[in-house]
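> Going left to right, the sequence shown walks through residues 1 to 88 as the numbering used here numbers them.
If you're looking for bench data, these hints aren't it; they were derived computationally from the structure.
Quantities reported herein were computed from a predicted structural model and do not represent experimental measurements.
Please note: incorrect hints may appear among the correct ones.
Stated by the list, open to error - Listed next, the in silico BS3-like pairs over lysine-lysine satisfying Cα-Cα at most 27 Å (straight line): (1) 80 / 30; (2) 87 / 76; (3) 52 / 80; (4) 87 / 52.
Stated by the list, open to error - Pairwise CB distance ranges, derived in the manner of DEER restraints: (5) 36 / 86: 20 to 28 Å; (6) 36 / 16: 33 to 41 Å; (7) 81 / 37: 32 to 40 Å; (8) 14 / 51: 24 to 32 Å; (9) 36 / 14: 18 to 26 Å.
Idealized CB from N, CA, C, for every residue including glycine.
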Amino acid sequence: MARKKKDRESHSGPYNPYFGKFEDESQMAKRPFFTWILVVPGAVLGVFIGMKVQEPVLGPVFGGIMGIAVGSLIDKRREKRREEREKP
């Protein structure tokens with residue numbers, strides 16, 4: 001006894017319930033001003049923290065990364081506020 005072959009033309013690939021429903025919202029602002037301004041103070045603060053914990057390389061790297069993170073949050077928030085004001 002042979003099985004009937006299923007209709008393969010209707011299923012072109014695996015089922016993806018999120019296909020077409022995902023909206024990619026970038027966390028980076030369109031005009032990153034504070035993102036790059038806060039890298040330097042973060043790195044300087046990281047130098048002092050690095051000297052305190054005796055890690056002279058990881059301190060400035062961590063400070064720079066935190067400066068980028070905080071700056072991008074500030075830029076994104078400013079961008080959302082500007083869009084809300086223009087939206088009425």
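> If a hint holds in the structure, say so; if it does not, say that too.
Against the structure, the hints come out as follows:
1. 80 / 30: holds, 11 Å
2. 87 / 76: Distance ~16 Å between residue 87 and residue 76 Cα, so the pair holds.
3. 52 / 80: violated, 38 Å
4. 87 / 52: Distance of about 48 Å is beyond 27 Å: violated.
5. 36 / 86: 20 to 28 Å: holds, 25 Å
6. 36 / 16: 33 to 41 Å: Cβ of residue 36 to Cβ of residue 16: about 37 Å, so the range 33 to 41 Å holds.
7. 81 / 37: 32 to 40 Å: At 18 Å between Cβs, range violated.
8. 14 / 51: 24 to 32 Å: violated, 53 Å
9. 36 / 14: 18 to 26 Å: violated, 42 Å
Checked against the numbered hints given earlier, the structure breaks hints 3, 4, 7, 8, 9 and satisfies all the rest.
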